[in-house]
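*Asks:* Sequence:
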Amino acid sequence: MSKKNRMAIVPVMLCFFAMGFVDLVGIASNYVKEDLQLSDSTANVLPSLVFFWFLIFSVPTGMLMNRIGRKKTVLLSLVVTVVSLLLPLFGENFPLMLVSFSLLGIGNALMQTSLNPLVSSVIQGGNLASTLTFGQFVKAIASFLAPYIAMWGAMATIPSFGMGWRVLFPIYMVIGIVASLLLASTPIKEPQSEGKASSVVDCVKLLSRPIVLLSFLGIMCHVGIDVGTNTTAPKLLMERLGMSLNDAAFATSLYFIFRTIGCLTGSFFLRVMSNRLFFVISVVMMALSMLGLAVGTSKAVLYVAIALVGYGNSNIFSLVFSQALLSDETKQNEISGLMIMGLFGGTVFPLLMGFASDAIGQVGAVAVMALGVVYLFTYISKIKASK
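According to our numbering, the sequence shown is numbered sequentially starting from 35.
Mimicking EDC-like on lysine to aspartate or glutamate, the simulated pairs with C-alpha atoms at most 20 Å apart in a straight line are:
{"id": "1", "residue 1": "Lys67", "residue 2": "Asp392"}
{"id": "2", "residue 1": "Lys106", "residue 2": "Glu224"}
{"id": "3", "residue 1": "Lys416", "residue 2": "Asp362"}
{"id": "4", "residue 1": "Lys239", "residue 2": "Asp362"}
{"id": "5", "residue 1": "Lys67", "residue 2": "Glu126"}
{"id": "6", "residue 1": "Lys333", "residue 2": "Glu273"}
{"id": "7", "residue 1": "Lys418", "residue 2": "Asp362"}
{"id": "8", "residue 1": "Lys67", "residue 2": "Glu273"}
{"id": "9", "residue 1": "Lys67", "residue 2": "Asp281"}
{"id": "10", "residue 1": "Lys333", "residue 2": "Asp281"}
Think of the hints as simulated: they come from the structure by calculation, not from any bench.
Turn these sequences into a full structure, and let the hints guide you.
*Replies:* Okay, structure coming up:
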C-alpha cells in the first residue's frame with residue numbers, strides 16, 4: 035500500500051464509524067417513546083422511517099457515483115448525516131424527530147452504497163476483504179456505544195447541557211464533522227467509471243431470478259431482525275423484569291457487542307468450515323434466541339437470548355449477499371444495488387412488530403422476528419457448501 039493510501043485509510047475508517055450512527059435509532063426511539071408517551075406502533079415509525087429510504091435511494095446513489103465520484107458521494111452522505119444529528123439539538127417534538135431520522139436514513143443509504151466501493155479505490159488486491167471486515171468492526175463500535183452515551187446523558191447527575199439522552203446527537207455530530215473534514219482533505223485516486231449506472235428497471239427485472247428474489251428477501255429478514263432486536267430488547271427487559279429504560283438500554287449494547295464478536299470471528303470460521311454449515315449454525319442460534327426471548331422471564335435467559343441473536347445474525351448479510359453476487363458475475367452492480375434495497379426490511383419489520391406488541395405485548399414483536407428466522411431456514415439450500 036502506498037503512503038497516500040495509508041493516509042486515506044484513517045478517514046475512510048472514521049466514515050465506517052459514522053455509518054454506525056444509524057444504529058442509534060433503536061435506543062433513541064425508546065427514549066422518544068418514553069418522553070412523548072407514544073404507543074409502540076407510533077414509536078416504531080422512527081426506526082422504520084430510517085430504513086425506508088434504502089428502498090428509494092440505493093439505486094440512484096449508484097447512478098450518482100458515476101457522475102460525481104465515490105469520494106464526493108460519501109462526503110454528501112456525511113453532510114446529510116451531520117444535518118440529521120443537528121436537528122435534535124433544537125427540541126424533541128415528534129415531527130422534528132421524524133425529519134431527523136429521515137435525514138439519518140437518507141445519509142446512511144448514500145453511505146452504505148458508496149463507502150465500500152470507495153474502499154476498493156484505496157485498497158487493492160487480497161487486502162480488500164479484510165479491510166471491509168475491519169470497517170464493519172469499526173462501524174459496530176459506534177453501534178454499541180450509542181446506548182451507553184444515551185444512558186450517560188440521561189443520568190441526572192451528569193451535566194448534559196439540558197439535553198439529557200439527546201447529548202448523543204451532538205457527540206456523534208462532532209465526529210461526523212471531523213470525518214467529513216479529514217476525508218475532504220485526503221486525496222484519493224478513483225478509477226474511471228465504466229459502463230452505465232444501474233437503473234431501477236435493471237434491478238427490478240433481476241427479481242424474476244429465484245436466487246436474486248430469495249436473497250433479497252433474506253436481506254430483508256436479516257435487517258428486520260437486526261433493527262427489531264435493537265428496538266425490542268430493552269422493551270422486553272422493562273416489561274418482564276420491571277427495569278427502567280436506562281438499565282434496560284444495556285440490552286442494545288449487549289446485542290451489538292456480540293454482533294461485533296461475530297463479525298471478527300466469522301471470517302475465521304468461514305475459512306475452516308463450509309459456508310452452508312456456518313449459515314446453519316448461525317440460524318439455529320437465532321432460533322434458540324427467539325425461543326428465549328419469547329418465554330424467558332429471568333435476566334440470565336434474556337441476556338443469553340440477546341447474545342445469541344447478536345452473534346447468529348452477524349454474518350447473515352455477507353453470506354446471503356455473496357450468494358446473490360456469485361449468481362451472475364456480469365450483473366454484480368445491479369444485484370448489489372438490489373441487495374442494498376433489501377435493507378428496506380428495517381422498515382417493514384418494526385412496523386409489524388409495533389402493531390403486534392400493542393396487541394399482545396412484546397411477545398408479539400418476537401413472533402414477527404421469528405417469522406424472519408423461519409424464512410432463513412428455507413434459504414439454507416441456496417447456500418453453496420464450498421468454503
